[in-house]
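Taking the hints into account, I'd like the entire structure generated from these sequences.
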Amino acid sequence: MKKSILFLALSPLVSHADLAPLDEDAMQSISGKGIEIDARIDFAQDTTYGYGDDWSNNLTSSRDDNWISYRRILVDTNGTELIDSDGDGYINVDGGANVLKKDAHNGYNVTYKDEREDGGDYLIRKPYYVILGEISGGISFDGLQLDLVSDFGTNNNKAALKWTMPDKIEFHDFTIDGLYISEDEYIDKPGYHPDGHVDAGQFYGDNKILGARLDGPIYMPSATSAYVFITSD
Amino acid sequence: MKAAYAAIVSLALLPQWGYSLESLNESQMSDVTGAGVGVVFEDFSLFTKLPNHQEQGELTLILDDKFTDDKSDDDAFIFSDIRVHRSDFVYSDTADFSTAGGRFGTEEYPFKIGDLVQVSSILDNQAGDAPKFTYTAMHMEFPGGSLTPADIAADPSLLDTLSDPFDLSLRIDSVIGSRIGDKRRFDFSLALKGFQLYGFQQDIWSMPYYGLAMSSTIGLVADSLVIGGDPNGVLSGNLSLNGVDIYLPLGTPDQPLVIGTAEVNGKEQVQFEMLPLTKELALKRGPDYQKGHLYIKSVDFGDPRDEELRTALKTGGDPSNPEDYYYAFQPEVGNTIELHGIEIQHLRITTQDI
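Line by line, the protein sequences give chains A and B.
Read left to right, the first sequence gives residues 1 to 233 (our numbering).
Read left to right, the second sequence gives residues 1 to 354 (our numbering).
There may be inaccurate statements among the hints.
Claimed, not checked - Not everything, but these chain B residues come out facing chain A in the computed CB check (under 10 Å):
| no. | residue |
| --- | --- |
| 1 | 41 |
| 2 | 258 |
| 3 | 316 |
| 4 | 318 |
| 5 | 322 |
| 6 | 325 |
Source of the hints: derived by calculation from the structure; they are not laboratory data.
By construction, the Cβ of each residue, glycine as well, lies at the ideal position given by its N, Cα and C atoms.
Take a look at the structure:
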């Protein structure tokens, strides 16, 4: 009984010891052990999914695709998140009026010329999402080798993780169809309303800035290796 | 009783876990700066096209999507025949490509990622006893990222310590959807020969009211930058800038580059803005502040030995020998182009529909 309680009492210390990082000597003792990775990665795409009759202008969305979205979170100097609390497209101070750029406490005290018709100041706009969306296609390679080595560096005595790159990385129509700007974290497919539509010729959806496609092989014929290690002061 | 005592001891030990999970405050963060991940590349080379290989890779940048199912009517730039290799390697059908690689970085000067550093204002706070602000930033640098032009001038051999000289070249074609006939057309080729980087670094942090902020520096020396207007590389089609030396600070903690979005003509666009240089900041920087520069030793318009570019015969020279002439934009000493003291006052870049 007493023994088991003592064991429990010590367990935090034991666990703590287990979590300590390996020192240089310990790293060296496992040098030479590694893994090899062959990979076939497929990025699915389905942009044909429609949202039905309630999308009157037949918009499609790409919520079923792969995407990465990023938005700034604005805070004041106290770390309080600032949002567009009155819904006018400009952010507000915590529970108050719109933030003007000249109010921004960052050492600039910048005042812009009047950029809005209703005068005043250059307001800080509600941050939009930048989305890398509709990622499709595939990437494949053979023989990415990862090894722990102990002979890296000027004196050949430093531990490092050595990546030996494959001699060919194959891209199969790997496409990031678009870099979009959006009010929410989803892409609303853009376009122009067709002739006959009540808003014919007008732009709808999120703005697409750029798209990129990589197809075919990238060769690395000289047995490229990368040594990854921890730097210190 | 002993059992109860042991239980109390065990409970007393538990708070240690609590401490270990607490986040670090700013001063503790500064104690852990300098530790990050270093990466050194050896035998690095990269090609999208090799002799005796049928397949070749290419990168397409789609500039204007017509929002139709037919992708072939999109306007695009196509980058192909991309080559990166050690500068003294010569690309040919019979070359041994296993020897094409070069080294980027050393144990002392590696690529650094994930370093935590402190970035501070050069302005004082109101009490005048500390910087106006200090933020913890994520630091990234290329080999020798902290070196300045003065360091390189004092010891030019440092460049070869940082990395081997490399060559980078690529071909750029364009597709314009409305073009009749062959839609894909050669635009130009670009080659950067014998380049080495120094002072190439970036700090990223978050700033009140602005979100993501960054400051970076770019330093590059190269034997030449060649823009080729002929698909077969005919000399007369080339514009060659030789002896290129660029050093450009882009942002500081006091004048960072911020990334946001802006509405232009009813569409949302990405906007990069380097905040303005205020009078207060410019005064505080003083005359010795590290500014940017651009030096170009000589410029070749087409064939560097083109007779049209001759300015005079050298004293005692043989008129039949092309090497005995002086040529325009090819000075014997000094540079053709020198821009000193580059300092950006305010910069705003907004994407547009082309």
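Now the hints, each set against the structure:
no., hint, verdict
1, 41, "holds, 5 Å"
2, 258, "holds, 9 Å"
3, 316, "violated, 48 Å"
4, 318, "violated, 45 Å"
5, 322, "violated, 38 Å"
6, 325, "violated, 41 Å"
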